[in-house]
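J.: Protein sequence lines correspond, in order, to chains A and B. In case it helps, our numbering puts the first sequence at residues 1 to 111. In case it helps, our numbering puts the second sequence at residues 112 to 222.
The set of hints was computed from the structure by calculation and includes no laboratory data. We put the beta carbon where it would ideally sit given N, CA and C, even for glycine. Mixed in with the good hints there might be a few duds.
What the hints assert, rightly or not - Restricting the straight-line Cα-Cα distance to at most 25 Å, the calculated cross-link-like pairs of lysine-lysine (DSS-like) are:
| id | chain 1 | residue 1 | chain 2 | residue 2 |
| --- | --- | --- | --- | --- |
| 1 | B | K168 | B | K181 |
| 2 | B | K125 | B | K182 |
| 3 | B | K194 | B | K168 |
| 4 | A | K42 | A | K1 |
| 5 | B | K182 | B | K168 |
| 6 | B | K125 | A | K42 |
| 7 | A | K42 | B | K120 |
| 8 | B | K125 | B | K194 |
| 9 | A | K1 | B | K168 |
What the hints assert, rightly or not - If you only want the chain B side, here are some residues facing chain A, beta carbon under 7 Å, derived:
| id | residue |
| --- | --- |
| 10 | G153 |
| 11 | L154 |
| 12 | L201 |
| 13 | G210 |
| 14 | Y211 |
| 15 | F213 |
| 16 | G214 |
| 17 | G216 |
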Amino acid sequence: KQEVTQIPAALSVPEGENLVLNCSFTDSAIYNLQWFRQDPGKGLTSLLLIQSSQREQTSGRLNASLDKSSGRSTLYIAASQPGDSATYLCAVPGGSYIPTFGRGTSLIVHP
Amino acid sequence: DGGITQSPKYLFRKEGQNVTLSCEQNLNHDAMYWYRQDPGQGLRLIYYSQIVNDFQKGDIAEGYSVSREKKESFPLTVTSAQKNPTAFYLCASSPQRDGYTFGSGTRLTVV
Numbered sequence: 001k002q003e004v005t006q007i008p009a010a011l012s013v014p015e016g017e018n019l020v021l022n023c024s025f026t027d028s029a030i031y032n033l034q035w036f037r038q039d040p041g042k043g044l045t046s047l048l049l050i051q052s053s054q055r056e057q058t059s060g061r062l063n064a065s066l067d068k069s070s071g072r073s074t075l076y077i078a079a080s081q082p083g084d085s086a087t088y089l090c091a092v093p094g095g096s097y098i099p100t101f102g103r104g105t106s107l108i109v110h111p
Numbered sequence: 112d113g114g115i116t117q118s119p120k121y122l123f124r125k126e127g128q129n130v131t132l133s134c135e136q137n138l139n140h141d142a143m144y145w146y147r148q149d150p151g152q153g154l155r156l157i158y159y160s161q162i163v164n165d166f167q168k169g170d171i172a173e174g175y176s177v178s179r180e181k182k183e184s185f186p187l188t189v190t191s192a193q194k195n196p197t198a199f200y201l202c203a204s205s206p207q208r209d210g211y212t213f214g215s216g217t218r219l220t221v222v
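Construct the entire structure; sequences and hints are all you get.
T.: Below is the structure:
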């Protein structure tokens, strides 16, 4: 059964720092990996989707990498801003293409 | 714009009452999912459907029921058998073997 772990569970940083959020998974036979953002009381917003054949994806200040062989993905946030404060989750499809989610990293960026 | 619409945003249930949460998508996605999110906990799968007129139980299906009569719609009924229904409910959809799209959620409270 696929298991997804996210480290750290929480992070508080001053504005402007470059951040690294980690996601690890136990079964490397994945189709893709997806990073989401969730604001309090809101749904999940997709940030980046990396297909299994890709090594990274970029969108603005966000860069996600994927290393299937080691079962790891990293979300890099450059020049963090208070508006980046949210919970970040990663998800990988498991059996029957059902997504397995990590517990998330709760990020606070203070001015 | 294509997306997933969940309604209502807030729902209040009296003891012993059944309530139905709506989830509609216009993305032409085959698969749809229902998740429950409790404070401090990860996303837990209630039910999923990979094709019209077919659905499967997830990890916490007891006290819930679903139907999938149309590709666009996947309503979730919270029955009186669900003893602790207060939670945030999220609906998602996906095409086969590609990323997931989430709705904005319904917050259900027992009064």
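J.: For every hint, state whether the structure bears it out.
T.: Results of checking the hints against the structure:
Among the hinted pairs, B:K168 with B:K181 is consistent with the structure: their alpha-carbon atoms are about 18 Å apart, no more than 25 Å. Taking the CA atoms of B:K125 and B:K182, the gap is near 31 Å; set against the 25 Å cutoff, the hint is violated. Between B:K194 and B:K168 the alpha-carbon distance is near 18 Å, which keeps this suggested pair within the 25 Å criterion. Only pairs whose Cα atoms come within 25 Å are accepted, and A:K42 paired with A:K1 is rejected, the gap being roughly 28 Å.
Straight-line distance between C-alpha atoms of B:K182 and B:K168 comes to about 18 Å, which keeps the hinted pair within the 25 Å bound. Taking the CA atoms of B:K125 and A:K42, the gap is near 24 Å; set against the 25 Å cutoff, the hint holds. Only pairs whose Cα atoms come within 25 Å are accepted, and A:K42 paired with B:K120 is accepted, the gap being roughly 10 Å. The suggested pairing of B:K125 with B:K194 holds, with an alpha-carbon distance near 12 Å, which does not exceed 25 Å.
For the proposed pair A:K1 and B:K168, the alpha carbon gap of about 16 Å is at most 25 Å, so the pair holds. Because the closest C-beta pair between B:G153 and chain A is about 5 Å apart, less than 7 Å, the hint holds. Taking 7 Å as the C-beta cut-off, the interface hint given for B:L154 holds, the closest approach to chain A being about 5 Å. Below 7 Å, beta-carbon pairs count as interface contacts, and B:L201 has one with chain A at about 6 Å; its hint therefore holds.
Contact between B:G210 and chain A, as hinted, is supported at the beta carbon level, the nearest pair being about 4 Å apart and thus within 7 Å. Because the beta carbon of B:Y211 sits about 6 Å from the nearest beta carbon in chain A, less than 7 Å, this interface hint is met. The closest approach between the C-beta of B:F213 and any C-beta of chain A is roughly 4 Å, which is under the 7 Å cut-off, so the hint is satisfied. Taking 7 Å as the C-beta cut-off, the interface hint given for B:G214 holds, the closest approach to chain A being about 5 Å.
With 7 Å as the threshold, the beta carbon of B:G216 comes within range of chain A, its nearest partner Cβ sitting at about 5 Å, so the hint holds.
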